Amino acid sequence: MKLWKRLMCTCRRRSPWLFHMNSGSCNGCDIEFVAALTPRYDAEQLGVLLQGSPRHADILCVTGPVTRKAADAIKTVYAQAPGPKAVVAIGSCPATTNVFIESRTLEGPLGRHIPVDVFVPGCPPRPDAILQGVAKAAAILAERADHPPAAAPVIKPDAVEVQR
Amino acid sequence: MSLTTALARLLIFPGLLFAVPAAWFFLWVERKAVALMQGRIGPPFMQPFYDFIKLLGKDVPVREGIGGLLMKAWPLLAVSSAAGAVALLPVLPAQGGFQGDLILLLALLEVPSMCIIAAGFSSRSIFGEIGSAREAVLSVSYNIVFLLAILSIAVSQHTFRLEALAGLPATPLRWLGVAALLACLPAKLHINPFSLPNAEQEIYAGPMTEYAGHELAMWELAHGLEWVAATGLVATLAAPRFALWWLAALAFVALSFAVVLLLAVLASATARLAIDTTVRFYWHCTLIFAVLAISSALIMRFRS
Ligand code: SF4
Chain A
1 MKLWKRLMCT CRRRSPWLFH MNSGSCNGCD IEFVAALTPR YDAEQLGVLL QGSPRHADIL
61 CVTGPVTRKA ADAIKTVYAQ APGPKAVVAI GSCPATTNVF IESRTLEGPL GRHIPVDVFV
121 PGCPPRPDAI LQGVAKAAAI LAERADHPPA AAPVIKPDAV EVQR
Chain B
1 MSLTTALARL LIFPGLLFAV PAAWFFLWVE RKAVALMQGR IGPPFMQPFY DFIKLLGKDV
61 PVREGIGGLL MKAWPLLAVS SAAGAVALLP VLPAQGGFQG DLILLLALLE VPSMCIIAAG
121 FSSRSIFGEI GSAREAVLSV SYNIVFLLAI LSIAVSQHTF RLEALAGLPA TPLRWLGVAA
181 LLACLPAKLH INPFSLPNAE QEIYAGPMTE YAGHELAMWE LAHGLEWVAA TGLVATLAAP
241 RFALWWLAAL AFVALSFAVV LLLAVLASAT ARLAIDTTVR FYWHCTLIFA VLAISSALIM
301 RFRS
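Residue numbers (my numbering), protein chains in the order written: chain A, 1 to 164; chain B, 1 to 304.
Bear in mind the hints are in silico, worked out from the structure with no lab data behind them. Don't take each hint at face value.
Only pairs whose alpha carbons sit at most 30 Å apart, straight line, appear in this in silico DSS-like list of lysine-lysine [said to hold, decoys possible]:
1) A:LYS2 to A:LYS136
2) B:LYS72 to A:LYS5
3) A:LYS69 to B:LYS32
4) A:LYS136 to A:LYS75
5) B:LYS32 to A:LYS75
6) A:LYS69 to B:LYS72
7) A:LYS5 to A:LYS136
8) B:LYS72 to A:LYS136
Remember, predicted model here, so these are calculated numbers, not experimental data.
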């Protein structure tokens, strides 16, 4: 049993499948995310594969500051990904809503809606940084027990609430 | 063939015990070859194994009713028929039984693709339905060529036993048939330029969109076993005969490997075609080719 658990740990760490979700980003982060998957950075060395369906994904990569329209969609997609799963927030937008901070069309940041495991800061972050974030998320995923309670958001929503 | 040897074939060689690692190996070779051609390092050797075990440990969404049961059944059916097809390949000499029966092999090779069609429709996902419809159209167009190619080989050499076929000397017609088979393999294995049914990203994941966890793992395994069975079929028809069994087995493995490499090169050198172009390709170019082959086979048969 213990051996099986250790094997499962290794396999989870070595085979992170990603699903890319855009929650209203300016597209800068998405371009960098796609760049991270190109042959130049060779993410497949880490076992990374971009999947078409959230049902196949282990790690959700979210970009953007979470607009009102996107908030429900994000919760749906998060629920559709089978556990154990991890979330990587790419860019400064999902962490703090960044330059869009006072916009009335936002319901961000991301931590208010789903638990986030890794934040990759930058506007936009470099592809290397995104890959590092994914590798870190894969390591977190490997350490998780079979059915983890939802991880606590790293940035508390109140901490970034602005005085309007 | 006694029951024990039949079971040994199904479970050990060339059945499950050999076929499952071979399936993972072929999946890895394909990904690695694509990576090398793109100038990167690519996935580690154990990658398909990691993926499989990881998928076994993931949750599966709860589905109720007959639809849920069917969705569980399709991947298992696909895996078992693909494994059966691999076990039928006449790598080792044997007499009697189902060993090397060409018609049964063709039927078993066809089951996984039907399972994919059924799976897409029973998942009730719009993307699954589009993928299934594409798979159905694709399999209608390439299967005619596929079957005609095999028929022409069988008719020209007067036998439907794969073993007897492998023992006979290769004729020019047989090479024509093997070439037609090779042209069908990319569509049968859903790789570029004919990766229409599962068209990653374009229609999410096609028929597999709703699958997760161990059911998805079974689909991956079925896909790998299809690789082994389809390349093995071509290797059996194209391999030269050797008196020593280990030399024959070696030639079989080497030829399958060569076919996998060839398909990987094709996959990395091309982009996905649209469905109408694909169907036109199979109906126009390859069908003429296959009809030529079977008509000349018939003529040869009546003249001899
Ligand atoms: S972090 Fe910067 S680049 Fe990324 S989505 Fe926000 S504004 Fe655009």
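These are the hints, each one checked on the structure:
Between LYS2 of chain A and LYS136 of chain A, the direct Cα distance comes to roughly 23 Å. Compliance with the 30 Å bound is thereby established for this hinted pair. The hinted pair formed by LYS72 of chain B and LYS5 of chain A meets the criterion: a straight-line CA distance of about 25 Å does not exceed 30 Å. Between LYS69 of chain A and LYS32 of chain B, the direct Cα distance comes to roughly 40 Å. Violation of the 30 Å bound is thereby established for this hinted pair. Annotation: proposed proximity of LYS136 of chain A to LYS75 of chain A holds, straight-line Cα distance about 23 Å (limit 30 Å).
Of the supplied pair hints, the one linking LYS32 of chain B and LYS75 of chain A is violated, its CA atoms being roughly 36 Å apart against a limit of 30 Å. For the suggested pair LYS69 of chain A and LYS72 of chain B, the alpha carbons sit about 34 Å apart, so the restraint of at most 30 Å is broken. Taking the CA atoms of LYS5 of chain A and LYS136 of chain A, the gap is about 20 Å. The hint holds against a cut of 30 Å. A C-alpha spacing of about 33 Å is found between LYS72 of chain B and LYS136 of chain A, which places the hinted pair above 30 Å, so the restraint is violated.
The structure is inconsistent with the numbered hints 3, 5, 6 and 8, although it conforms to all the rest.
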